[in-house]
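K.L.:
In case you want the letters, here they are:
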Amino acid sequence: MTIGIVGYGAFIPRRRIKLEEIAKVWGADAPAYKRGLQLYEKSVPGADEDTVTMSVEATRNALARSGGVDPADIGALYIGSESHPYAVKPSGTIVAEAIGAVPALHVADLEFACKAGTESLFIAQSLVKAGEVRYAVGIGADTSQGAPGDALEYSAAAGASAFIFGGDEDLIVAEIVDSFSWTTDTPDFWRREYMHYPRHGSRFTGEPAYFRHSMSSARGMMAKAGMEPRDFAYAIFHQPNGKFPMRVGKKLGFTHEQLETGWLSPWLGNTYSGASPIGLTAVLDIASPGDLILLTSFGSGAGSDSFVIRVTGRISEVQDLAPKTRAQLDENKIYLEYGAYAKLRGKIRMAE
Amino acid sequence: MRDVAVIGIGMTSFGELWETPLRSLWAEAALAALDNAGVDSVDLITIGCMSSGLFTGQEHLASLLADELGMAGVPAARVESACASGGLAVRAGFAEVASGLCDTVLVTGVEKMTDVDGADATYALGTAADAEWEGFHGVTFPGLYAMLARVHMQKYGTTREQLAHVAVKNHANGLLNEHAQYHLQIGVEDVLDSTAVADPLNLFDCSPVTDGAAALVLTTVERAREIAGDKPVVVITGSGLATDTVTLANRGEIAELGAVKLAGERAYAMSGRKPEDIHLVEVHDCFTIAEIMATEALGFFDLGFGGSAVEKGLTSLQGKIPVNTSGGLKSKGHPVGATGVAQVLEIVTQLRGEAGQRQVQGAKIGMAQNMGGSGGSSVVHILEVV
Chain U
1 MTIGIVGYGA FIPRRRIKLE EIAKVWGADA PAYKRGLQLY EKSVPGADED TVTMSVEATR
61 NALARSGGVD PADIGALYIG SESHPYAVKP SGTIVAEAIG AVPALHVADL EFACKAGTES
121 LFIAQSLVKA GEVRYAVGIG ADTSQGAPGD ALEYSAAAGA SAFIFGGDED LIVAEIVDSF
181 SWTTDTPDFW RREYMHYPRH GSRFTGEPAY FRHSMSSARG MMAKAGMEPR DFAYAIFHQP
241 NGKFPMRVGK KLGFTHEQLE TGWLSPWLGN TYSGASPIGL TAVLDIASPG DLILLTSFGS
301 GAGSDSFVIR VTGRISEVQD LAPKTRAQLD ENKIYLEYGA YAKLRGKIRM AE
Chain E
1001 MRDVAVIGIG MTSFGELWET PLRSLWAEAA LAALDNAGVD SVDLITIGCM SSGLFTGQEH
1061 LASLLADELG MAGVPAARVE SACASGGLAV RAGFAEVASG LCDTVLVTGV EKMTDVDGAD
1121 ATYALGTAAD AEWEGFHGVT FPGLYAMLAR VHMQKYGTTR EQLAHVAVKN HANGLLNEHA
1181 QYHLQIGVED VLDSTAVADP LNLFDCSPVT DGAAALVLTT VERAREIAGD KPVVVITGSG
1241 LATDTVTLAN RGEIAELGAV KLAGERAYAM SGRKPEDIHL VEVHDCFTIA EIMATEALGF
1301 FDLGFGGSAV EKGLTSLQGK IPVNTSGGLK SKGHPVGATG VAQVLEIVTQ LRGEAGQRQV
1361 QGAKIGMAQN MGGSGGSSVV HILEVV
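Line by line, the protein sequences give chains U and E.
Per this note's numbering: the first sequence = residues 1 to 352.
Per this note's numbering: the second sequence = residues 1001 to 1386.
To be clear, the hints were calculated from the coordinates, so they are not data collected in a lab.
Small disclaimer: the values here were computed from a predicted structure and weren't measured.
Cβ coordinates follow ideal geometry from the N, Cα and C atoms, glycine included.
It is possible that part of the hints are untrue.
Not everything, but these chain E residues come out facing chain U in the computed CB check (under 8 Å) [as the list claims (entries may be wrong)]:
| id | residue |
| --- | --- |
| 1 | E1016 |
| 2 | W1018 |
| 3 | T1114 |
| 4 | S1194 |
| 5 | A1196 |
| 6 | P1200 |
With beta-carbon atoms standing in for the labels, derived distance ranges [as the list claims (entries may be wrong)]:
| id | chain 1 | residue 1 | chain 2 | residue 2 | range |
| --- | --- | --- | --- | --- | --- |
| 7 | E | P1021 | U | I348 | 42 to 48 Å |
| 8 | U | H106 | E | G1138 | 53 to 59 Å |
| 9 | E | G1057 | U | M227 | 45 to 51 Å |
| 10 | E | S1024 | U | R191 | 26 to 32 Å |
| 11 | E | K1320 | U | T184 | 33 to 39 Å |
| 12 | E | G1304 | U | G346 | 52 to 58 Å |
| 13 | E | D1193 | U | T2 | 49 to 55 Å |
| 14 | U | G27 | E | Q1058 | 33 to 39 Å |
Only chain U is shown next, with the shape it has when bound in the complex (with noise of 0.2 Å):
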């Protein structure tokens, strides 16, 4: 049976905080770590965006863009984060409500550090191959934090992209060929219950971490799928920084055309859960029927999601029934300083 992407969308906040802007308050080196993470700036949430919000905006986007699914046929909805708003609670419920797909449905939140995002994809679309539901939703969204003066500040940003998964063939626009998925157990990024801000194993988290999983998981989907790099048109990864995506790319023999169109990390930041799926909806915004994506994830802890996707000829019909993510990344901008940015994200604290 034939599954694939029925409607994609994403929600990029409009305010921003520029690097030097952070690194002034810290008396950091910026120009030297816009050399070395390849970093401009950030998103930044509004005091009205979170986790839910930011889905509610992206699965809207993708519902524009399904050729008019019906919510109530929606039977599964995933939202992949590592900062739902409540500790116990479901982000899932409020995001199946507002978009109506309530009540004969199964939600669940996931969590898998940056990885969430790609889980709930990989589950969605699992779920509508086994023929158990209709249509499914994977959702990544993150407004993540990194504490003050850490350098994972530079970096944490919000953002949120929806799928919706189908297996109406006149309705896909993006075929799910194959996936592949690389775990261990490698813990070089983690947050325990009641910690503000995680923690992270500073350079353990690049070649044993990051490196390491992104290409076992990368090469393994190609083995898998019989393919190579220069059988894709596109190739997204995970993007912790502007650096590291770019770096991995290449290393598996990707070029810098390849990778270009899917790499937002060095105007928008880490979205964590959101990162590699963002990337993904800014591809799905130009790409042409056949063209070959290779997406894969990596989540702290550690694992790699990797998907094959097909784009199909209703891709043109749909790339404009929706705000593109480029033009959100780009155009409304609003900067911020960084005293408006630390009340933003609750970093002073209030009279009780």
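Following the hints, position chain E against chain U.
P.N.:
Only chain E this time, still in chain U's reference frame:
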């Protein structure tokens, strides 16, 4: 005092060896050295290690590691002098053989530094400074060496570019060392453009955080000749150990490394050699300024001329006195307790003529200088092939 020879050498590759624990690193180097020496029993094991407690939560290394090698029962002792712990382990082993207390000693150095994150590693290394008068006030080693650099620049006109030349040269040498942590070709601009750490020192002025171990087998020259047959034997002809104030503020002069000068003088005196006799030297370049100051303290260049010497290429592989042919701490890596042992290992490799592409032609006499803290301790050894 008996003459002492180095008959075996062994080391791990240096690097971020995430999946290898301290005991395995150490055993790999120790077994390689015993194998290289062709002996299977020793009278003593010395271990140089700065802070396995803070880096890995493990103290009581001497017994732990003897057992790891299947040698429980053999005398073993850990010595510590901050980043000079490895050099001190060599000195301790040398003294045991020279004095006749032991005939054959396994000298080792090890540090496992990547089990903790950067902040904790900086803290652990910082305990080598004066806790009450430096550490509690927040200064860490990049800051202390930055102060040394500032004073040296002000007093002698040493330039920012000259500091960079140390890193460029050592990375060029490290490219030729298969055990080095980094195989990177860099230029002066790369150093100047790297992230500021403690002005004027940038990232590429600093040695890295490294896991690794190195080992030597020492014995009497008589036994070395029996084992070596007609092959050349490398002998330790000079050993010097010295201290200085740990606290920079207590030094009368901070643009000179007093402990290095004293340890060097003692090693020269024991060996009867002078700076002009030395064919190559491994110095403790934990920061680029440290190499410049060490080459001055050891008498290779007059005070204030270490910077121009490296800029002119006098310390390069083909220079007047090749410095840090191994790549030094900067490129080979700096597993602190292992460094002093690995420096002697490089000199032995060169004197044996086994250094491959980085071989200094005709090298017969070499020196290794190891240093603790910001120069609060130093160990210098002179080795000759006979």
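K.L.:
Next, verify each hint and record whether it holds.
P.N.:
We went through each hint and held it up to the structure:
no.	hint	verdict
1	E1016	holds (6 Å)
2	W1018	holds (5 Å)
3	T1114	holds (7 Å)
4	S1194	holds (7 Å)
5	A1196	holds (4 Å)
6	P1200	violated (13 Å)
7	E:P1021 to U:I348: 42 to 48 Å	holds (43 Å)
8	U:H106 to E:G1138: 53 to 59 Å	holds (54 Å)
9	E:G1057 to U:M227: 45 to 51 Å	holds (46 Å)
10	E:S1024 to U:R191: 26 to 32 Å	holds (31 Å)
11	E:K1320 to U:T184: 33 to 39 Å	violated (52 Å)
12	E:G1304 to U:G346: 52 to 58 Å	holds (54 Å)
13	E:D1193 to U:T2: 49 to 55 Å	holds (52 Å)
14	U:G27 to E:Q1058: 33 to 39 Å	holds (36 Å)
Hint violations for this structure: numbers 6 and 11, all remaining hints satisfied.
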